[in-house]
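Dock chain B against chain A, hints included.
Going line by line, the protein sequences match chains A and B.
The numbering used here numbers the first residue of the first sequence as 1 and each following residue consecutively.
The numbering used here numbers the first residue of the second sequence as 1 and each following residue consecutively.
Fair warning: there could be bad hints in the mix.
[What the hints assert, rightly or not] Pairs of lysine-lysine, DSS-like flavour, derived with a Cα cap of 25 angstroms:
hint	chain 1	residue 1	chain 2	residue 2
1	B	K98	A	K391
2	A	K398	A	K96
3	A	K391	B	K115
4	B	K22	A	K388
5	B	K98	A	K408
6	B	K85	A	K388
[What the hints assert, rightly or not] Cβ-to-Cβ under 7 angstroms is the rule here; a few derived chain A residues that face chain B:
hint	residue
7	K39
8	D349
9	F379
10	L409
11	V410
12	E411
13	P412
Hints are computed from structural coordinates only; laboratory data are not their basis.
From the three backbone atoms N, C-alpha and C, an ideal C-beta is built for every residue, glycine too.
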Amino acid sequence: MIWNEAKECMSRDEIEALQSARLVKVVNRVYHNVEYYRKKMQEIGLEPGDIKGIEDLDKLPYTTYADLRDTYPFGLAAVPRSEMVRVHASSGTTGKPKIAVYTRRDIDIWAECVARCLSMAGITRDDIIQVGYGYGLFTGGLGAHYGAEYLGALVLPMSTGNTQKLIDMMIDCDVTSIACTPSYLLHVAEDLEKAGLVDKIKLKSAICGAEPWTNEMRDQMEARLHIKAYDIYGLTEMMGPGVACDCEYHKGLHIWEDHFLPEIIDPATQKQLPKGSDGELVITNLTKEGMPLIRYRTKDLTSIEYDKCECGRTMARIQRFRGRSDDMLIIKGVNVFPSQVEAALLTIDGTTPHYMLVVDRVGNSDTLEVQVEVAESAFTDEMQSLEKLSKAVHDKLKTAIGLNAKVKLVEPNGLEHFDGKSKHVIDKRKLYQ
Amino acid sequence: MLIKQLTVFMENREGRLDEVLKTLANGGIDILSVSIADTTDYGVLRAITREPERAKQILTDASFTARLNDIIAVVVPDAVGSLAKVVAMIHAANINIKYVYGLSIDGEGAPIAIKTDDDAKAAAILEAAGVKTLSDSEI
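Isolated chain A (complex conformation) (with noise of 0.2 angstroms):
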């Protein structure tokens, strides 16, 4: 089902024709309102008369996380404070968050792209969705429920949490549609399983996000569960869940290019790279309002497709994710950099600035173990000192990076020394493929 057949089907040139006039706008409202960009444009001696379309994009500088960072918490935000009705956020490399701010308007067109992923994956007003992502700063929660009230399906806002009531409720409400993380809906999945009740449950949908995510785990999910699942993604700097989304054909995620525009980058060089190439994904917002990215630089690698797609939508389609340019894990959702371990260990007297991270997926839950060289500085006869130094490293990561890390203790030494930061990392999940 296609929500909105005027936009999700446009031919390539009108397409192209609505992109460059709003290219053009949201480029003079950004040199007008925000300070920083203005700044950044006339350091490279560009005024916004120069952008006349996208075939222009390439001139416009990058905008990335050290942006967002050196701007925090405002800094990018092209409308008076009273314009703006609401603030997400998800972690970034180093302390301060990145966050993203909407205004009503953002609200109602990020509500959109959610009811036309939803659309996509089937989901109708007579549907009774479960959604099972995080309420709070994270987009997932309220960005899915927002989209799925727009579209006029009922929505139960599970948030996450508590597995065994929303098992309960989804035999007790007949829920038709769930929106979780895949590694959750596996989890789901097996307690069903467990208790017996597969049989028992209306689901016909899963529209799974915030992770990346592999076409073996869409089998398991929907041979297990008898249901079909769709991918759905976004990040919050963008907007949040919804910037694109995988139809029924699964030939890669429907970017809704009336709001975003994107395009591949190689990230050594910098440069825009050809249609159809491999590199980084970059995005540019068209018509966000709060604060609106110009060429953001996702860091997630992949490539896009822009034939029209079976299912009638001409929006390119991003194919799969290759990988990230950066040293981001997304772990059960959560986005965690190395660098934010290594700030949390550097505040806890008896550890070493030396650690290693080991992802990994057991059952269908990531697990996190860090582990952490013991200062011979801290190191006594006794036990105690040692269980006292594992709590505390483990207490700090989880104010850090909001996630129970299984701490393990290490001989001094005992992990080999690299200077780059991304052997820091042993990632056995093997999710791109």
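For chain B alone, coordinates are given in the frame of chain A:
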């Protein structure tokens, strides 16, 4: 009197104890007693050795985390209730016992290593009550 105890941090992985003991053996260190406290991930080896300072240096040079600390070595007479009396004396002085293990040292009675949160005071109380404690030269 107190004696020196050698303590070594060990990751709980195969062959690690072997490596520690071999390193000490290659250095010619005579181990008199050993006790291990462990969790699933790591363990702490506690040992009474001859030449404790040199033993620690040998391990440190081999990149082990080792340190020396004092501990009470008590000779408990061979009689029912002797250990209970020793413990009761320490307890009566409001001193907390952290761990205890037997020492395999030849001689009269049963030598026991006792770690408390105030070893010097505990040793003095025991000695005043006529309980024999050992010094490094006596083991």
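Evaluation of the provided hints:
Simply put, K98 (chain B) and K391 (chain A) have alpha-carbon atoms about 20 angstroms apart, close enough for the 25 angstroms limit, and the pair holds. A threshold of 25 angstroms between alpha carbons decides the hint, and for K398 (chain A) with K96 (chain A) the separation of about 16 angstroms falls inside it, so the pair holds. The hinted pair formed by K391 (chain A) and K115 (chain B) meets the criterion: a straight-line CA distance of about 24 angstroms does not exceed 25 angstroms. For the hint linking K22 (chain B) to K388 (chain A), the alpha-carbon distance of about 30 angstroms lies beyond 25 angstroms, and the restraint is violated.
Between K98 (chain B) and K408 (chain A) the alpha-carbon distance is near 23 angstroms, which keeps this suggested pair within the 25 angstroms criterion. Between K85 (chain B) and K388 (chain A) the alpha-carbon distance is near 32 angstroms, which puts this suggested pair outside the 25 angstroms criterion. Here the hint on K39 (chain A) is broken, as its CB sits about 51 angstroms from the closest CB of chain B, past 7 angstroms. Because the smallest distance between the Cβ of D349 (chain A) and any Cβ of chain B comes to about 16 angstroms, over 7 angstroms, the interface hint for this residue is violated.
About 5 angstroms separates the beta-carbon of F379 (chain A) from the nearest beta-carbon of chain B, less than 7 angstroms, and the hint is met. Hint status for L409 (chain A): holds, given a least beta-carbon distance of 5 angstroms to chain B, under 7 angstroms. The interface hint given for V410 (chain A) is met, as the beta carbon of that residue sits about 5 angstroms from the closest beta carbon of chain B, less than 7 angstroms. Given the 7 angstroms rule on beta carbons, the hint for E411 (chain A) holds: about 5 angstroms separates it from the nearest Cβ of chain B.
At a threshold of 7 angstroms, the smallest CB-CB gap from P412 (chain A) to chain B is about 5 angstroms, leaving the interface hint in force.
The structure fails hints 4, 6, 7, 8 (numbered hints given earlier, in ascending order).
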